[in-house]
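K.L.:
Read off the chains here:
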Amino acid sequence: MRYLPQTATARATMLKAVGASGIDDLYSDIPAAAMRKEAFDLPDHQGEKEVERHMKKYANRNIAAGDVPFFLGAGAYFHHVPATVDYIIQRSEFLTAYTPYQPEIAQGTLQVIFEYQTFIAQMTGQDVANASMYDGATSMAEAALMAMRVTRRGKVCLANEIHPHYVSTLESYVEKDDISRDAPDNDTACVIVQSPDFFGKPQAYDALRKQCDEVGALLVVVITEIVSLGLLPAPEQADIVCGEAQSIGLPLSFGGPYLGFFACREKYLRQMPGRLCGMTKDADGKRGFVLTLSTREQHIRREKATSNICTNQGLCALAFTVHMSLLGEDGFKTLARLNHEAACKLADALVKVPGVKIISDTFFNEFVIELPKNARDVVDALAAQDIIAGYPLDGNRLLVCATEMTTDDDIAALCAALKEAA
Amino acid sequence: MSDMQYTNEHEWLKIDGDTAVVGITTYARHALGDIVFLELPDVGRKVAKGEDFAVVESVKAASEIYAPVTGEITAINDNLPDNLDDLKEDLDKGWIVKIKMDNPSEASEYMDKTAYETYTAGLE
Amino acid sequence: MSDLAMNDNLDDNTMIKAPAMEDGNRGLHYEENLLWEKERADRPGVDFPQPEGMKLRTGFEARGDIGLPQNSEPQTVRHFVRLSTWNYSIDHGFFPLGSCTMKHNPRLNEKVARLPGFAFAHPMQPASTVQGALAMMYELQNWLATLTGLPGVCLTPAAGAHGELAGIMTIKKAHEVKGNTHKTVILVPDSAHGTNPATAAMCGYTIRSIPTRETGRLTVEAFKEALGDGNDVAGMMVTNPNTCGLFEKDIMEIADLLHKADGYFYCDGANFNALVGKVRPGDFGVDVMHINLHKTFSTPHGGGGPGSGPICTTEELAPFMPSPIVIKDGEEFHLEEDGERETSCGRLRSFQGQFGMHVRALTYMLSHGGDGLKQVSEDAVLNANYILSQLKDDFYAPFADSPCMHECIFTERLQKENGVTTLDVAKTLIERGFHPMTVYFPLIVNGAMLIEPTETESKDSLDRFITVMKDIANEAKTNGDILHENPVSTPRRRLDEVQAAKEPILRWKDAG
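Protein chains in written order, with my numbering: chain E, 1 to 422; chain A, 1 to 124; chain L, 1 to 512.
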């Protein structure tokens, strides 16, 4: 009970001060039928080392990226996180602060959000970005909802291969029947395109932009690998750019917490979901930052809010901002290029494996190959040899990914194992 | 301006033939504090009596403005969003929309200035 | 296209210059400009091997200038450390923010979440390679089921509001399967968090408000009135203890009436810290609730997230929960996905949940154990009642006739006579070195001050806060005007929120 500072003496004094004869007096409003008589079937408290031992057993039963040849991407990417990032996000002042509702004592968090918003806006080629969303899939779903508010229309068109989890999330947020793969028409709120698409292929936007303009729909670009923006053109043609920023600053962590980003054209600002931080002056005229335009949000607008979202992914946005600060313009672009070159090397090696075909013609750091055998079986067989081969698609197709973490030895190990398995 | 009429929801309206000119009252303006944003409806939109057609925002609150009469919005005061100080109980500068009434008798039920002042005094 | 677009142009809103760093520094206050305002470093703060210059296979030319800043590692460290010093945090001191449960965040949680087997497991790895991660989630599911008395657990939701969405979608799906298309209304007390009505609206429900202003509590009478014949009511969303810090005494009778009308009881778990280890919500009629791991179970707030908001449901509602959930099949664990769960309301996010927060929460639960968690509830409730008892003569306490739960509520009524408002009290607390309480919430209490001390404060710490609050009450009487100026010692004083909203500057831009 090391987290509880109250002493027995203090408890007794306080009970007396409140006029209670025992602690249960303070629970007198709770109906007797709801009061639990027997103890909970739970273990008693434990010391640090016992807890750590218990949790370590779980951790040790997982294969971790970094320990084995690892070629799995598909919406979550294994990248290096500089030591500085983890050091900064563990500072008490960031880690244990609350949402910056009291700006006089939260300027640190607020300036970081302002910097984060600037990074996202620059990287996506958009005017403004919010303080972040839960993750890529919810960010895309919120983009669709926002497009519906802006256009007052109800249909969403999917233009290409979008991450299947993102599509099923969208199907939970909007009516399934309102999502189609048809060309947009006058009922279409937005066209959503993923780039690179789920199979790793980078997309062009001009034709889609034209299509959207013809019917008055918004163009939403979703990005699951934000590192790609260091090499691929910015989706400047889009009205909303959203997606997943886990690649910058965040570990894989079995799926979360991640960092949904959300950027758009300034003219749609009032329909944006989520928190926004803005620059202003204090009572002495000094520059400072505050959360702003909050009348869009649930705590003021209640059932008429743009979204029910309350938190952002504050600490994850901080990790992103620290990592981006370290990378800078040159580092970000170098990182992107190293990812692409790692994928090129992987492709060049795989093409030499008998029976393996490269399906994708263009890619960033992820592409599709065809195996002579069922891909899921191959993935399972290789996992038993401590190689994470990629994401099995339908039939014999496998989605493979390389990042700056991928070594020549990793590639050689994969090729050898595939040769064996095929 | 003595022929303005007033609603419980703090809109004023002035009848001009079959058209109602609508704005918000001085009382509402004070209650809202510093206004930072006004969202106007589209011209041509049909509104029902009691339906919200515009939103006025301060830093900490968003308030809907309700149509006092049923009809079609024939004009909006484009000047207001950029000149929020003009949003007041003023027929020339402070009007928000003009509504062509479907049923002009709807306008007859609202308070006159004196009744409205008594009403707002009771809210304090 | 609608005309909801902004009328003012962001480009017109020029940057405000930062005070010169050498002018602003005083004592331990350091001015810090934006990353974009610094001299650009020659090279990044990360060393990479030189790319080989291979021909691009992206199908596009390489991207041109983005306009990003560039800093070395020491510059970056100093930038963020300086910024951090402008934040108040739970590690600084007392953080009595009502309904937010700002308790101590143990560092063991952080250490365990960083074990490589947790930190570097990929969400789409074959199940055989992540049995430890799945088993950990399964154990957390069991703890939550035991503590709530609700056996269905889905860890997916990313935060409290996301948990609400998961819960209401679960209810919606259950009604859909039953063919209850006529149930279109969710009942929400007017004291609810804004997320409650926002969530119900997002799910397509109409909100019917239950008034509680007079009593601070739900009454059977007001509930019956809102329920009507109950034909159109799909469910209700109630926070219990409620946002006034009171337990809803009549909750079992109300839940009963709701269930008879074939409605479900969603409990907002924001205030679960009052009950944890002591009372199971399943025992007072709850059908589904979310748990804020970042409140009750000590995962850090991180300056506004990441949160984590698992939901717990009755056996009856479990088949309708979102996917995936972790199930145990013999000795093997696996993620049961959408396709395997016919009546699930679907997927709600990219992957299985805020896993890093799950690790932290279970670490915390194991540390406290069942016995420690019971003590958590008891100390949290005792601390709040102690503050209530010590301050109720100085500040008006609208509901002091009975004990509060884990938080207590005051208003500005007495201070207002001298022109001092809740905002002034809050800003004066800042001046005196405390984080303010939650202010102006719940909305049904005018000028509310909602104080939640949590169990991780000692009597000493509470007494210091009480002393300062009494000082402020006295100052309000004798010299109230100076309170309007507070805070004066912070690096920044009260900020102009009107200007921020009127002329939004939401990103840095080169002045040209």
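Hints were generated in silico from the structure; no laboratory data involved.
There could be a bad hint or two in this list.
[Said to hold, decoys possible] No farther apart than 30 angstroms at their CA atoms in a straight line, the calculated lysine-lysine pairs in the DSSO-like style are these:
1) L/K111 x E/K286
2) A/K98 x E/K267
3) A/K88 x L/K392
4) A/K93 x L/K502
5) L/K260 x E/K37
6) L/K502 x A/K98
7) L/K55 x E/K352
8) L/K416 x E/K281
9) E/K286 x L/K17
10) E/K267 x A/K88
11) E/K210 x E/K267
12) L/K509 x E/K267
13) E/K267 x A/K14
14) L/K509 x A/K60
15) L/K328 x L/K392
16) L/K502 x E/K304
17) E/K57 x L/K374
18) A/K98 x A/K14
19) E/K281 x A/K46
20) L/K38 x E/K57
21) L/K111 x E/K267
22) L/K328 x E/K16
23) A/K46 x A/K14
24) L/K416 x L/K111
[Said to hold, decoys possible] Quick look at which bits of chain E chain L covers, simulated, 3 or more residues with Cβ under 8 angstroms:
25) 86 to 95
26) 154 to 162
27) 181 to 192
28) 236 to 243
29) 349 to 356
30) 401 to 407
31) 413 to 421
These numbers were taken from a predicted model, which means no experiment stands behind them.
The beta-carbon is built from N, C-alpha and C at its ideal position, and this holds for glycine as well.
K.L.:
All hints are to be evaluated individually against the structure, with a verdict given for each.
P.N.:
Here is how each hint holds up against the structure:
Of the pairs offered as hints, the one joining L/K111 and E/K286 is violated, with about 39 angstroms between alpha carbons and a cut-off of 30 angstroms exceeded. In summary, the hint linking A/K98 to E/K267 is supported, as the alpha carbons are separated by about 26 angstroms, within the 30 angstroms threshold. Between A/K88 and L/K392 the CA atoms are separated by roughly 42 angstroms; this puts the pair beyond 30 angstroms, and the hint is violated. A C-alpha spacing of about 20 angstroms is found between A/K93 and L/K502, which places the hinted pair at or below 30 angstroms, so the restraint holds.
Of the pairs offered as hints, the one joining L/K260 and E/K37 holds, with about 27 angstroms between alpha carbons and a cut-off of 30 angstroms not exceeded. A threshold of 30 angstroms between alpha carbons decides the hint, and for L/K502 with A/K98 the separation of about 26 angstroms falls inside it, so the pair holds. Restraint check: the Cα-Cα separation between L/K55 and E/K352 comes to about 19 angstroms, which is no more than 30 angstroms; the hinted pair holds. Note on L/K416 and E/K281: the hinted pairing holds, with a Cα-Cα distance of about 28 angstroms set against a maximum of 30 angstroms.
A threshold of 30 angstroms between alpha carbons decides the hint, and for E/K286 with L/K17 the separation of about 8 angstroms falls inside it, so the pair holds. A C-alpha spacing of about 26 angstroms is found between E/K267 and A/K88, which places the hinted pair at or below 30 angstroms, so the restraint holds. Under the criterion of a C-alpha separation no larger than 30 angstroms, the hint pairing E/K210 with E/K267 is consistent with the structure, at around 19 angstroms. The suggested pairing of L/K509 with E/K267 holds, with an alpha-carbon distance near 17 angstroms, which does not exceed 30 angstroms.
Using a Cα cut-off of 30 angstroms, the hinted pair E/K267 and A/K14 is violated, with the two alpha carbons roughly 33 angstroms apart. Note on L/K509 and A/K60: the hinted pairing holds, with a Cα-Cα distance of about 27 angstroms set against a maximum of 30 angstroms. With a C-alpha separation of about 52 angstroms, the suggested pair L/K328 and L/K392 falls outside the 30 angstroms cut-off, and the hint is violated. A C-alpha spacing of about 21 angstroms is found between L/K502 and E/K304, which places the hinted pair at or below 30 angstroms, so the restraint holds.
Between E/K57 and L/K374, the direct Cα distance comes to roughly 27 angstroms. Compliance with the 30 angstroms bound is thereby established for this hinted pair. Simply put, A/K98 and A/K14 have alpha-carbon atoms about 9 angstroms apart, close enough for the 30 angstroms limit, and the pair holds. With a CA separation close to 42 angstroms, the supplied pair E/K281 and A/K46 exceeds the 30 angstroms bound. Only pairs whose Cα atoms come within 30 angstroms are accepted, and L/K38 paired with E/K57 is rejected, the gap being roughly 46 angstroms.
Among the hinted pairs, L/K111 with E/K267 is inconsistent with the structure: their alpha-carbon atoms are about 44 angstroms apart, more than 30 angstroms. Simply put, L/K328 and E/K16 have alpha-carbon atoms about 49 angstroms apart, too far for the 30 angstroms limit, and the pair is violated. Between the alpha carbons of A/K46 and A/K14 the distance comes to roughly 19 angstroms, so the proposed pair stays at or under 30 angstroms and holds. Of the pairs offered as hints, the one joining L/K416 and L/K111 is violated, with about 48 angstroms between alpha carbons and a cut-off of 30 angstroms exceeded.
Only when three residues or more bring their CB closer than 8 angstroms to a CB of chain L does the claim for the segment 86 to 95 of chain E stand; here the count is 10, and the claim holds. Counting residues of the segment 154 to 162 of chain E whose beta carbon lies closer than 8 angstroms to any beta carbon of chain L gives 0, which falls below the threshold of three, so the coverage claim is violated. For a cut-off of 8 angstroms, the count of residues in the segment 181 to 192 of chain E with a CB near a CB of chain L stands at 0, and the three-residue condition is violated. Here the segment 236 to 243 of chain E counts 0 residues with a CB under 8 angstroms from a CB of chain L, which misses the bar of 3, and the coverage is violated.
Coverage of the segment 349 to 356 of chain E by chain L is violated in this model, with 0 residues showing a Cβ closer than 8 angstroms to a Cβ of that chain against a need of three. Figure legend: the segment 401 to 407 of chain E, annotated as covered by chain L; annotation inconsistent (1 residues with Cβ-Cβ distances under 8 angstroms, at least 3 required). Evaluation of the coverage hint for the segment 413 to 421 of chain E: breached, as 0 residues show C-beta separations to chain L shorter than 8 angstroms, against a requirement of three.
The structure is inconsistent with the numbered hints 1, 3, 13, 15, 19, 20, 21, 22, 24, 26, 27, 28, 29, 30, 31, although it conforms to all the rest.
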